[in-house]
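Sequence order for the protein chains is P and H. Letter by letter, the first sequence follows residues 24 to 346 in our numbering. Letter by letter, the second sequence follows residues 4 to 397 in our numbering.
Hints may contain errors.
Not everything, but these chain H residues come out facing chain P in the computed CB check (under 8 Å) [unchecked claim]: (1) Gln279; (2) Gly281; (3) Asn287; (4) Glu381.
Since the hints were derived computationally from the structure, they do not count as laboratory data. Glycine residues also receive a C-beta, built at the ideal position from the N, C-alpha and C atoms.
Now for the letters of each chain:
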Amino acid sequence: MWRHAPLAALTVWMLAVSPARAVTAYVSNEKSNTVSVIDTDTWTVTRTIKVGQRPRGIEFTRDGKFVMVAVGDDDTIQVIDAASQQVVDTLPSGPDPELFVQDATGKILYVANENDNTVTIIDLDKRARIGDVQVGVEPEGMAISPDGKILINTSETTNMAHFIDTATRQIVANVLVDSRPRFAEFKRDGSELWVSSEIAGTVSIIDPAQHAVTGKITFDIPGMRREAIQPVGIGLTRDGKTAFIALGPANRIAIVDGTSHQVTKYLLVGQRVWHMAFTPDEKYLLVTNGVSNDVSIIDVAAQKVIKTIQVGELPWGITIAQP
Amino acid sequence: MIRALVGAIGFALLATGALADDPVEVGIGYLHRAKARPTLSLVEVPADNDGVAGARLAIEDNNTTGKFLNQHFTLDEKRLKDDDDPAAAAGELAGRGIGLILVDLPADALLKAADAVRDRGTVLFDVGAIDDRLREEDCRGNVVHTAPTRSMLADGLAQYLVWKQWKRWLLVVGSHPEDKLYADAIRRAAKRFGAKIVEERVFEDTGGARRTDSGVTQIQRQMPVFTQQAAAYDVLVAADESEVFASYLPYRTWDPRPVAGSAGLMPTSWDPAHDQWGAIQMQNRFVKLNSRRMTAIDMQAWTAVRMIGEAAARVKSGAPKAMLDFLKGPDFSLAAFKGQRLTLRDWNLQLRQPILLADGRMVVSVSPQEGFLHQVSELDTLGVDRPETKCKLH
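Take the sequences, apply the hints, and build the full model.
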């Protein structure tokens, strides 16, 4: 019997490391300065990676080989090798990076630098800073239009979505939104840009062609005071039909009809829900709960929370490799 | 021909995109006293530009936003000596076309300034005076208050002390009028939130310098004696806005008890140690610009100028009346690093805001505390609420 043990161990080991296409999610833990790696087949944390100070914004590179994580208090973006699950490099991000976005080719990275009112542009291959754009006060949310032509940055104190032409790197339009815009997300067909305003408690729907706010999503949860409803992260399904919006200290995810912009359901998740990521098949949505130190798994079709996974302290951002 | 020309101009305006709005120039005045008040602690001596520095940072912030909207903001600072007339100073600013004035002056001087320019439509922002009467019986329709009131500060402290189950208070009051006003607010708070003032003592100001070569020897003997044989209490609450004795109390009370109020755990609108809810960015920007830490008065001035900037951006105008109407309305909310939106109480133009509780090194808690509920806004559990107000705005 004992003879079989090493073999069994070896099998387990092979399953774990072999490129079995098991999807992994990476969660940045703002307080514990770590990144938790979650296996989405078993819904368990398989590894905890030490990173720099105050990790927040986190994204896979387009080729799926690396994970970039903004460590704001170290003024840099660290690069984690997804194969070895170790920090292998840093990027010259400019001071206090928080959120960032890549262009469609995965060659250019745009970073919001909260401390000096700029968006920094980085060449990912050369690991070099190649330019910057002056924007409003406290730049935060970043999104890129599906055709790659327009970069969006939201500035939290200026209360605008800035439209930046990616070819000329000039601002071409500024759209006023409600207080403290934190996150921006395009519909895949480019027809709408959604911007969450954390302090005002609204999500603005912007027509990217007209540069105009065409609608506004508001939230009304019985028994919940208005001040506690603070929308941050937004997840839109690929078909644009359903949106999930994290409501911060309201401890809920609002499910919104992508066409009518009406809230259809509120899902109770953990405390202070921040950001989210879909699994590649869009079967599941993972959301980070900052205060309760866990990640809730939502069954997208059933619109139900099916599981909660403990991660590090104050989880903030999350990314999942896309095929 | 003319039509074609108009069309061409219209096209040119569209083409410039971001700068298509009409230019708006907003001049903001700032009135304050030339001489700072003395403090017991050397580290709390206010900087020469206390308050003004916060306003200047907000002017920078507004101008960063303004460059996308074709709006520009300037600050015009006026320092008053003791015998300078605040009415004349406000009139002089208004005469130069300044329709918005930040004021960091005592209550009576503020009222003189407000009444002198009321008929011109000038709007004042009280960034320093915490007197409840300025929002109650002496309220003015042209004065917005970003400074919290004494009752908001006392309520913020009381909620925490009650949450902590420190419900028996020894109240020590200074002998100056403003100390007594603070004590009134503390008594009111005790009653509202279920604490008990087990005993009150008055600390007489017998005059004298706040710093002496003989130093702390006397104080070390004086404070234990002053606080001995008190009724059983959980926390000593000091009301000493005049900076005469409160800072001498921590670690020197007869009974080993914490101190709160004017020393120890202090309620405030802002603290240099506050770093939650994005406040770290604000603190960093302030230190970068001013090479010192940001005080409560700096924050109150920053908030006032940001309110002006926000109003200008939304109404696309620098007209004081239009801006005030917007600030009073349901669409106004300000993000000011306090974890929730700040709005204006439309019945007395007081800014709703959470109250920080700080000990000089750290922010210990932020009120309103959990469980203190309100039908409109939990922020209205702090200070005088609408049903109790004596304010009639004209």
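Next on the checklist: H:Asn287 was flagged as interface toward chain P. Is the shortest Cβ-Cβ separation under 8 Å?
Outcome noted: 6 Å, holds
Next on the checklist: Holds or violated: the hint that H:Glu381 contacts chain P, with Cβ atoms closer than 8 Å.
Outcome noted: Holds, because the Cβ-Cβ distance from H:Glu381 to chain P comes to roughly 6 Å (cut-off 8 Å).
Next on the checklist: Checking hints one by one. Is H:Gln279 an interface residue toward chain P, by the C-beta closer than 8 Å rule?
Outcome noted: Interface hint status for H:Gln279: violated (12 Å vs cutoff 8 Å).
Item to check | H:Gly281 as an interface hint toward chain P, with CB separation required under 8 Å | outcome: 7 Å, holds
In this structure, only the earlier hint numbered 1 is contradicted, and the remaining ones agree with it.
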